[in-house]
Amino acid sequence: MKRAWHRPRAFAVALTLAGVAVFLALAAWQFRRAHEKERLFDALAHASTQGPVSLDAARREASDGNYPVVRVEGRFDPRRQYLLDNVVRGPRTGVMVYGVFEPAEGGPALLVNRGFLAREAATLPEPPSLPASQVAIDAIYAPPPGVGLRMGGNVLPRQAEWPKTVIYIDLGEIAADAARELDARVLLEIGDDARFVRDWTPAVFPPVRHLGYAWTWLTFALVAVATFLILHWRRREPT
Numbered sequence: 207m208k209r210a211w212h213r214p215r216a217f218a219v220a221l222t223l224a225g226v227a228v229f230l231a232l233a234a235w236q237f238r239r240a241h242e243k244e245r246l247f248d249a250l251a252h253a254s255t256q257g258p259v260s261l262d263a264a265r266r267e268a269s270d271g272n273y274p275v276v277r278v279e280g281r282f283d284p285r286r287q288y289l290l291d292n293v294v295r296g297p298r299t300g301v302m303v304y305g306v307f308e309p310a311e312g313g314p315a316l317l318v319n320r321g322f323l324a325r326e327a328a329t330l331p332e333p334p335s336l337p338a339s340q341v342a343i344d345a346i347y348a349p350p351p352g353v354g355l356r357m358g359g360n361v362l363p364r365q366a367e368w369p370k371t372v373i374y375i376d377l378g379e380i381a382a383d384a385a386r387e388l389d390a391r392v393l394l395e396i397g398d399d400a401r402f403v404r405d406w407t408p409a410v411f412p413p414v415r416h417l418g419y420a421w422t423w424l425t426f427a428l429v430a431v432a433t434f435l436i437l438h439w440r441r442r443e444p445t
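Under my numbering, read the sequence shown as residues 207 to 445, first letter to last.
Everything labelled a hint here was simulated from the structure, so no lab data went into it.
A couple of the hints might just be wrong.
Below, simulated DMTMM-like cross-link-like pairs (lysine to aspartate or glutamate); rule was C-alpha separation at most 20 Å, straight line [unchecked claim]:
1) K243 to D405
2) K370 to D283
3) K370 to E326
4) K370 to D248
5) K370 to E387
Between beta-carbon pairs, the in silico distance windows are [said to hold, decoys possible]:
6) D248 to G313: 43 to 51 Å
7) I373 to D283: 16 to 24 Å
8) S335 to R266: 31 to 39 Å
9) A216 to Q256: 58 to 66 Å
Glycine included, C-beta positions come from ideal geometry on N, C-alpha and C.
Starting from the given sequences, assemble the full structure and let the hints guide the process.
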């Protein structure tokens with residue numbers, strides 16, 4: 207029996223077009239995310255191979271695809287440390303330890319990520335004390351970590367003891383709590399220190415995962431079109 211094209215209803219056409227549009231938009235978004243992650247991983251890999259520059263030069267050169275390594279002298283605020291809680295590194299959960307650093311050359315203070323400390327059960331680790339004297343540190347000049355979902359609002363004013371614990375890094379909230387201006391970027395310290403884990407590989411989906419999702423959404427778009435054609439290109443009804 208011969209097949210013939212059966213005119214589809216307007217609802218079927220609209221539903222198919224809407225579905226294909228959504229699937230293509232999601233695929234395009236995943237391709238963009240893959241490209242962004244490739245740039246991020248490439249920038250951090252490049253940062254590990256380049257020599258340090260001054261903080262002033264880093265501030266001039268910083269861009270989305272450039273994470274310069276800096277060598278900067280200054281002093282930590284010996285009292286103020288912030289613990290970013292619920293950080294996962296491999297099989298372990300713990301905290302990232304941040305300190306407030308005043309560069310000797312002036313300008314805004316910097317929030318320095320000193321590294322990762324694993325935690326035991328429900329007990330927060332006690333971070334090593336900060337040096338009281340002037341020090342020189344090598345670090346990656348990088349954007350702050352993404353905030354993601356904010357829950358509970360600003361908890362810093364409700365904490366009286368140090369270190370203070372947060373579940374996201376908001377430079378505005380920390381600047382207000384520390385009573386000083388903060389740079390728009392943070393420092394990821396890279397010097398050797400056995401007390402911390404300093405692996406700055408982003409704990410995010412790799413580019414290949416986003417590419418896989420993109421091709422999945424494209425497949426859904428093709429399936430939607432194929433289903434529409436199969437349903438409307440069918441055997442002619444006998445007369």
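Item to check | Contradicted hints - numbers only | outcome: 4, 6
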